[in-house]
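Chains as they are written, first to last, in our numbering: chain A, 1 to 146; chain B, 1 to 443.
No wet-lab data here; the hints were simulated from the structure. Be a bit skeptical, because a hint or two may be false.
[Stated by the list, open to error] Residues from chain B that face chain A, not an exhaustive set, calculated with beta carbons under 7 Å:
1) F391
2) D393
3) K394
4) I395
5) L421
6) H425
[As the list claims (entries may be wrong)] Computed far set for chain B versus chain A, every beta-carbon distance over 12 Å:
7) Y42
8) R51
9) R307
10) F341
11) E385
12) T387
13) V390
14) Q402
15) H418
16) V419
17) R420
18) P424
19) K435
20) R436
21) V438
All figures in this text were calculated on a predicted structure; none of them were measured in a lab. Glycine is no exception: its CB is placed at the ideal position from the N, C-alpha and C atoms.
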Amino acid sequence: MKIHQLSLFLENRPGAAAEPVRLLAAQGVNIRTLMLADTSEFGILRLIVSDWRKADALLTAAGFVVNVTEVLAVEVADRPGGLAEVIEAFENTPINIEYMYAFTFGRQDKAVLIFRFDKPDEAIARLREAGLNLVESVEVYGGLAG
Amino acid sequence: MTGACEILATRFHPASAPDYVPVPHLRDLQLSRLQAVVWRAYRNVELFRSRLRQRGLDPDDIRSLEDLARLPFTVKADLRDTYPFGLFASPLQDVVRLHASSGTTGKPIVVAYTQEDVNVWTSVMVRTFAACGLGKGDIIQNAYGYGLFTGGLGAHYGAEGLGATVIPMSGGNTDRQIMVLKDFGVTAICSTPSYFLHLAERAAELGVDLRELPLRAGVFGAEPWTESMRRHLEEAAGIQAYDIYGLSEIIGPGVASECACQAGLHIFEDHFYPEIVDPATGEPLPDGEEGELVLTTLSKQAMPIIRYRTRDITSFITEPCPCGRTIRRIRRIGRRSDDMFIIRGINVFPSQIETALLAVEGTLPHYQIVLTRQKGLDEMEVQVEVTPEVFSDKIGALEQLQARLLGSIEQVVGLRAHVRLVAPHTIQRSEGKAKRVVDRRSE
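Please model the complete structure; the sequences and the hints are all you need to start from.
Right, dumping it as structure tokens:
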């Protein structure tokens, strides 16, 4: 249910993001999706990969600072107001959305968004209550069916 | 603490006997050695003789240890100006060893030893290791650099003289150091503290837990380090980390060493007479006050050095040490008067930046201070490597860390710096001494 996301510290300089991506490619780790958050001086590269344990070990051994965080993949209806439904589900709750980004692939009339909540377990319960669909981790790591 | 001290102090090496001589006897010995060394320098070293004559002084004017303060200082430039052999007091045929410091500016300085000097050096290094609780049966890995640098051979002779098993690794080749540490059952290591930090980090990367090895002591010197760095190294490696002190101009390592109490360094003052002076005026300071350490070699033959300005800032500890040694203690050297840099009129020591970083992160990250001049104004940037402990997947958390580091530096130094978070392993690692300050203001 919960997805393991890897975050890497990168300095803001040309080629900084290429190194980890190349390293993973060479070792046969598939990057399912990625998102780069940055300031003028540094960036955080967030990755969801086919084998997070292997990627973590590879990147750490190569000298990167790696942080593993649990995130959720939520199905969002691909129509106006689809995202609003998800966000509204957390209004007036003690659960915060720290950040979110779109997954590279959607399916049929649904988009998949990655959410980082401060309280992932409570967020799962709330999403179910609101009738929203979570994407299984196996599916996220292995590629979406259909 | 005191309990452990008393127990360890009972393990006594015969070479350590001079550490416990009654003070009046020690002062008598120092005075007679001082008179002899002043005569020796006066007779054989042109620079010293002319300086004494300029002041209307004669070696016989030294009638008490207080008279030492009447003699002129020796500074590093004197060693450079008389390069290579100008301060020797022995004919070269009596010199059995030469060492030299890598001069960062221009010519290096050369130091010389007679056989007797080498014997004294060995004896003070034996006393150093013994004070650190080591002895026969210990396996000592010597990771100080062998060669012209005094650290390697100084520690080597001392460890052999102690009766320990010595592994002459020299510096560098960290993976091999770790392999030997593990496979040879090493019980003690000597190196610079920054190199051992690097070694411990690398061991963790290789999955070697130093705490599970027989290694129990680190004998660290050749650069200033802090109490928090000691705690970090002790916890990371499961060792006792001892601070030792020395400088090539005086003899090399073996001038002073901590004992089991780890509370100040005992100066082997039967051979090296210490004074603390005001770094600005050169006037001797009352016991206990902080100032610059000045050393006089009492028994060196090939190169006697009178009143050498070390540039190291410390003070005498006036209380007697629980270990029972009668030779005086100095506080560990946290800074050098010439490590200090001045930025926008404010005196800053790297140790202050360390204190500020430690206050925020708990352990000391790798850092470097870069000074630049932009539009005529001096700027200080502190580059700090991001560690797994402080890294977060949230930008906000890292920006907060940056702001807290900045605030902490401003509080300690009284100056607004720029803090740049950099990737791990991007600040150059020293195999020898840590380069903490890069001054690009003249570029």
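Subject >> Violated hints - listed by number, lowest first >> reply: 11, 12, 13, 14, 15, 16, 17 and 18
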